[in-house]
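Q: The primary structure of each chain is shown beneath.
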Amino acid sequence: MRIMQYLLLLSLLIALAGSARAIPVFARKYGFQCTMCHTAFPRLNDFGLRYRQNGYQLPGRENEERTVLESPPPFAARLHGGYTSDNFSDTPDAVDVQQFEISGVDILSGGLLGRNIGYIFGYAPRIEGARGLADQPGTVDLANVIFSNIGDSPWLNLRVGRLEGAHTAFSVQRRLTFSPYEIYAFSFPGGIAFADTQTGLEASGHSRMDGWKYAAGWVNGSDTNNSDDGPADFYLRAEKAFGRGEGQTSGQRVGVTGYFGRARPAPELPGTDREDFTRFGVDASLNFKQLNVELEYLTARDAAALWDTADEVTYNGGFAQLNYFPTTNLVGFLRYDLVNAPDDVPIDTGDIRRWTLGGRYYLEDNLAVHLEYSHRTQEFIVGPEGTENFFTTRLDYAF
Amino acid sequence: MRFLWILLLLLIGLALLPYDRLPFASANGEYLANGLLPQVPVPFDNPQTDAKILLGRQLYFDGRLSSDGTISCASCHKPDKGWADTEPVSEGVAHKKGGRNSPSIIDEAYSVPQFWDGRAVHLEKQAVGPVQNPIEMDLTAEELEFRLNHIPGYVTEFQAVFGERPTIDLMAKAIASFERTVISNNTPYDQFLQGNRSAMSQAAMRGMHLFNGKGHCTACHSGPTFSDSNYHNLGIGYANGKYADVGRYGVTKDPKDMGAFKTPMLRNVAQTPPYLHDGSEATLMDVINLYDRGGIPNPNLDPAMTPLNLTAREKSDLEAFLVALSGPYPVYTAPPLPNPEITAQELSAMLKGGNR
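Sequence lines, in order, name chains Y and U.
With the working numbering applied, the first sequence corresponds to residues 2 to 400, in that order.
With the working numbering applied, the second sequence corresponds to residues 2 to 357, in that order.
Be a bit skeptical, because a hint or two may be false.
Claimed, not checked - Derived, one-sided and incomplete: chain Y residues facing chain U with beta-carbon distance under 7 Å: (1) PHE33; (2) GLN34; (3) MET37; (4) GLY61; (5) ARG163; (6) THR329.
These aren't lab readings, by the way, just hints derived from the structure by calculation.
All C-beta atoms in this analysis are idealised placements derived from N, C-alpha and C, irrespective of residue type, glycine included.
Can you build the whole structure from these sequences, using the hints too?
A: So this is what it looks like as structure tokens:
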């Protein structure tokens with residue numbers, strides 16, 4: 002009976018949503034449909050990727066661009082909410098959820114401050130968790146300025162501020178699923194997650210013809226560092242696209258990433274200083290007609306003190322995601338996440354596996370009905386394997 | 002497990018929903034990227050008059066504006082062929098052929114600049130080009146003016162319209178005035194923009210959405226004429242490391258313009274095959290397939306060109322939208338010409354004989 006009620010409510014929401022006609026900040030500026038840049042919002046297509054790497058300027062049309070002062074108000078928002086069921090078993094400290102809820106709110110702004118000077122701003126307001134409202138820690142996810150085509154060359158672009166580092170081959174901000182990339186979220190205790198946005202500098206560039214790209218960043222790093230420690234994390238990335246396209250929606254792309262960081266253990270141990278940790282990753286995005294496969298493999302090496310162990314700690318993992326875009330308004334996804342967790346660490350964590358299956362149906366370019374089921378297991382050194390069954394269906398919209 | 006069932010049922014249900022979305026158009030015709038055509042722009046120094054339009058129409062159809070008397074403007078911009086040519090490239094005097102496709106003159110009044118490489122800023126500058134092109138009409142300005150001044154009817158008409166004897170620039174003004182009457186602005190798309198939601202088929206509406214979205218067409222084909230009046234390189238004619246036609250580079254000598262051509266307008270595009278600057282694509286679907294492949298790779302390929310991954314249905318929808326940009330247009334026939342008994346050959350002989 003409850004299922005029937007739920008289906009009826011969902012049908013009503015879909016019917017009401019059909020009349021919406023909203024466009025977010027960049028689409029509003031140009032009068033484009035969202036699908037100009039997004040295969041399926043929020044995921045970028047090849048054109049969108051070029052638009053982003055060109056500092057939020059249409060590729061090849063930099064001289065015709067309007068600045069933020071000459072454009073419509075550059076503000077947009079993204080909201081998603083619906084029904085979420087998140088049930089855990091044998092998982093310490095996990096709280097079951099079964100409710101309708103507003104599960105995410107983001108305020109966005111972006112545009113051009115001048116020719117070849119763009120900016121992006123993303124703010125997630127603080128929302129105190131309550132019945133029907135998912136807890137959201139207030140944070141500025143993005144706040145950076147990008148100086149593009151320095152020296153009139155695509156080989157040098159500089160992004161300054163709080164940014165989503167290019168070391169993550171697949172954007173967390175623009176992923177199709179609500180379930181996390183496990184390997185991007187896994188870290189030493191208190192440490193920074195690989196995919197967290199960071200504050201610092203990033204230089205990047207690309208060739209016009211042969212698909213080469215690079216990025217190099219210098220960022221603050223882990224929150225476990227002291228405020229006077231100074232930025233000490235670096236990353237490097239190189240990638241190559243084969244065939245026509247950027248590897249997002251056409252062509253094939255492979256990449257390698259190295260991240261070199263220093264962090265203090267948490268809680269801080271007597272006699273310890275900042276300790277080294279490194280990440281190396283290889284990734285690929287492969288396309289065949291309406292199919293896309295995303296592959297990521299990451300290996301980690303952390304100083305012993307970061308895990309409070311005697312020996313250096315290593316772990317690895319990755320994910321493989323299959324995306325299928327049969328029409329402009331429908332996408333299906335299937336992902337397998339794996340984290341081969343470190344052995345012999347004081348934290349009771351074992352290997353993590355997650356299967357995620359779902360799809361998004363776009364009533365409008367900027368309004369998706371999102372369905373997702375995810376099953377996660379985590380081994381523990383002590384006790385039985387913990388499981389999580391996550392199901393959500395939401396309206397995800399931007400305006 | 003029950004969640005899997007719910008998920009499966011909902012996915013099936015959603016997949017069965019009709020795909021029938023309208024782009025951002027409102028009932029009053031305001032469309033953010035591609036709107037209704039405004040009033041025909043008329044330069045202040047060449048106002049439209051009935052007499053001038055008639056004179057321009059006569060000149061447009063008059064073969065005596067070519068060296069051997071066989072080629073008029075209408076020879077390559079045929080009124081009954083969408084004011085274009087059905088051949089990839091048109092034949093000029095003595096069956097000579099150029100390298101570029103004859104564009105339609107429908108709505109050319111809105112086009113700034115003119116020619117595929119933009120070497121003329123407006124119609125008045127454009128009209129003097131083909132007359133003097135050796136592979137098109139093959140007259141010098143001097144020869145042309147001689148001929149017009151030795152056709153008494155034209156002399157009288159030029160005097161009446163301009164108060165002066167014929168010159169090549171006045172000829173161009175008259176032809177430009179006539180071309181400003183070749184307007185098409187009542188396409189199914191225009192009707193749709195004005196609130197008639199049934200003016201376009203469902204396929205065309207889906208195509209409109211693609212045009213402004215996944216197809217990336219609006220990145221260049223923007224504005225009421227569906228042209229940004231700019232120059233882009235699609236790689237057409239590029240092979241073995243060479244460009245068959247340097248395009249805009251020939252005008253600017255800027256390496257960035259190598260192989261770039263003006264974005265053509267798309268109004269009435271369905272009525273003006275073949276396509277592209279060299280007429281190398283025979284059908285609209287051929288052009289769509291070219292874009293779907295991301296153009297032809299070359300060192301100067303426009304960075305907005307990326308493969309589109311369109312499905313067969315999406316291509317068909319896009320084509321339907323392009324067809325909906327086509328509507329009725331005026332088809333003018335040749336008017337009675339002044340002094341038709343005076344032939345091009347006689348005029349040529351008169352010039353050679355020193356009869357000035």
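Q: All the hints need checking, so say for each whether the structure fits it.
A: Here's how the hints hold up against the structure:
{"no.": "1", "hint": "PHE33", "in the structure": "holds, 6 Å"}
{"no.": "2", "hint": "GLN34", "in the structure": "holds, 3 Å"}
{"no.": "3", "hint": "MET37", "in the structure": "holds, 5 Å"}
{"no.": "4", "hint": "GLY61", "in the structure": "holds, 4 Å"}
{"no.": "5", "hint": "ARG163", "in the structure": "violated, 27 Å"}
{"no.": "6", "hint": "THR329", "in the structure": "holds, 6 Å"}
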